[in-house]
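Let the hints inform the model, and build the full structure from the sequences given.
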Amino acid sequence: NAGVTQTPKFQVLKTGQSMTLQCAQDMNHNSMYWYRQDPGMGLRLIYYSASEGTTDKGEVPNGYNVSRLNKREFSLRLESAAPSQTSVYFCASSDSGSWEDTQYFGPGTRLTVL
Amino acid sequence: GDSVTQMEGPVTLSEEAFLTINCTYTATGYPSLFWYVQYPGEGLQLLLKATKADDKGSNKGFEATYRKETTSFHLEKGSVQVSDSAVYFCALSPNQAGTALIFGKGTTLSVSS
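First to last, the protein sequences are chains S and A. Every position in the first sequence, counted from 1, becomes a number in this note's numbering once 13 is added. Every position in the second sequence, counted from 1, becomes a number in this note's numbering once 1409 is added.
Derived by calculation from the structure, the hints in this document are not laboratory data. One should not assume that every hint holds.
Stated by the list, open to error - In silico DSBU-like cross-links for lysine-lysine, where the CA-CA straight-line distance does not exceed 30 Å:
1. Lys1477(A) <-> Lys1465(A)
2. Lys1477(A) <-> Lys1514(A)
3. Lys70(S) <-> Lys27(S)
4. Lys1514(A) <-> Lys27(S)
5. Lys1469(A) <-> Lys22(S)
6. Lys1477(A) <-> Lys1461(A)
7. Lys22(S) <-> Lys1514(A)
8. Lys22(S) <-> Lys70(S)
9. Lys1486(A) <-> Lys1514(A)
10. Lys1461(A) <-> Lys70(S)
11. Lys84(S) <-> Lys70(S)
12. Lys1514(A) <-> Lys1469(A)
13. Lys70(S) <-> Lys1514(A)
14. Lys1514(A) <-> Lys1465(A)
15. Lys1461(A) <-> Lys1486(A)
What the hints assert, rightly or not - Across the chosen pairs, the derived CB separations fall in these ranges:
16. Lys1465(A) <-> Asn14(S): 26 to 32 Å
17. Thr125(S) <-> Thr1479(A): 18 to 24 Å
18. Tyr1439(A) <-> Met32(S): 37 to 43 Å
19. Arg90(S) <-> Gly1487(A): 44 to 50 Å
20. Asp1463(A) <-> Phe23(S): 40 to 46 Å
21. Phe23(S) <-> Glu1425(A): 14 to 20 Å
22. Asp51(S) <-> Ser1492(A): 24 to 30 Å
23. Ser1412(A) <-> Ser109(S): 23 to 29 Å
Claimed, not checked - With the C-beta cut set under 7 Å, the calculated list includes, among others, these residues of chain A facing chain S:
24. Leu1457
25. Thr1460
26. Ala1462
27. Ala1509
28. Phe1512
29. Thr1517
Cβ coordinates follow ideal geometry from the N, Cα and C atoms, glycine included.
What follows is the structure in structure tokens.
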């Protein structure tokens, strides 16, 4: 039982390049989330998917797109990377999206945009 | 909107000292409250949670009580260890389905032997 997995662990991009961050969970959870973590800012929600087939914007969605490929997988795409997107990205999942649910986090992707 | 405020760090303690990390929240309705811990180079792990007023969450010697009257969820541990050195995040989940966590900025704890 791997929980939530993310690839890659590290990535360096040049301004304007694109990339997709992959996330998968094996807990049969319905809801999945993408957060970014910046120093002194805590974690902020980028996008979330309450269930397969649905996605919604979070607090900081600009410059990102997401795809809920199936129940297990939720990818985050940067179409044209900018230095302001240098951050650590975490994927998370929860069973039903209820406010009482625990969210389970992946190990993170550390992205640097030059 | 809903928000979480937690004490600024870093907090530096000696082993076996008492720990308190303050957390207060602003929310409409009755959110669930969480403490997550992040060890260096790792993702976040749930430490404890409480889903209604007066509930006490506890795990690994840490405790926090959901206080509706003071809108607080302070984290405490009676005797910290070097292995407790990490970043601690207080978070709330608004009481509506399909919403994500709202995090405080995190408090860095450093414990020395």
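Here is what the structure says about each hint:
no. : hint                                 : verdict
1   : Lys1477(A) <-> Lys1465(A)            : holds (12 Å)
2   : Lys1477(A) <-> Lys1514(A)            : holds (21 Å)
3   : Lys70(S) <-> Lys27(S)                : holds (25 Å)
4   : Lys1514(A) <-> Lys27(S)              : holds (28 Å)
5   : Lys1469(A) <-> Lys22(S)              : holds (29 Å)
6   : Lys1477(A) <-> Lys1461(A)            : holds (9 Å)
7   : Lys22(S) <-> Lys1514(A)              : holds (23 Å)
8   : Lys22(S) <-> Lys70(S)                : holds (24 Å)
9   : Lys1486(A) <-> Lys1514(A)            : holds (20 Å)
10  : Lys1461(A) <-> Lys70(S)              : holds (27 Å)
11  : Lys84(S) <-> Lys70(S)                : holds (18 Å)
12  : Lys1514(A) <-> Lys1469(A)            : holds (23 Å)
13  : Lys70(S) <-> Lys1514(A)              : holds (21 Å)
14  : Lys1514(A) <-> Lys1465(A)            : holds (22 Å)
15  : Lys1461(A) <-> Lys1486(A)            : holds (21 Å)
16  : Lys1465(A) <-> Asn14(S): 26 to 32 Å  : holds (29 Å)
17  : Thr125(S) <-> Thr1479(A): 18 to 24 Å : violated (41 Å)
18  : Tyr1439(A) <-> Met32(S): 37 to 43 Å  : holds (40 Å)
19  : Arg90(S) <-> Gly1487(A): 44 to 50 Å  : holds (46 Å)
20  : Asp1463(A) <-> Phe23(S): 40 to 46 Å  : holds (44 Å)
21  : Phe23(S) <-> Glu1425(A): 14 to 20 Å  : violated (37 Å)
22  : Asp51(S) <-> Ser1492(A): 24 to 30 Å  : holds (26 Å)
23  : Ser1412(A) <-> Ser109(S): 23 to 29 Å : holds (24 Å)
24  : Leu1457                              : violated (10 Å)
25  : Thr1460                              : holds (5 Å)
26  : Ala1462                              : violated (13 Å)
27  : Ala1509                              : holds (5 Å)
28  : Phe1512                              : holds (4 Å)
29  : Thr1517                              : violated (10 Å)
In the structure shown, a violation is registered for the earlier hints numbered 17, 21, 24, 26, 29, in ascending order.
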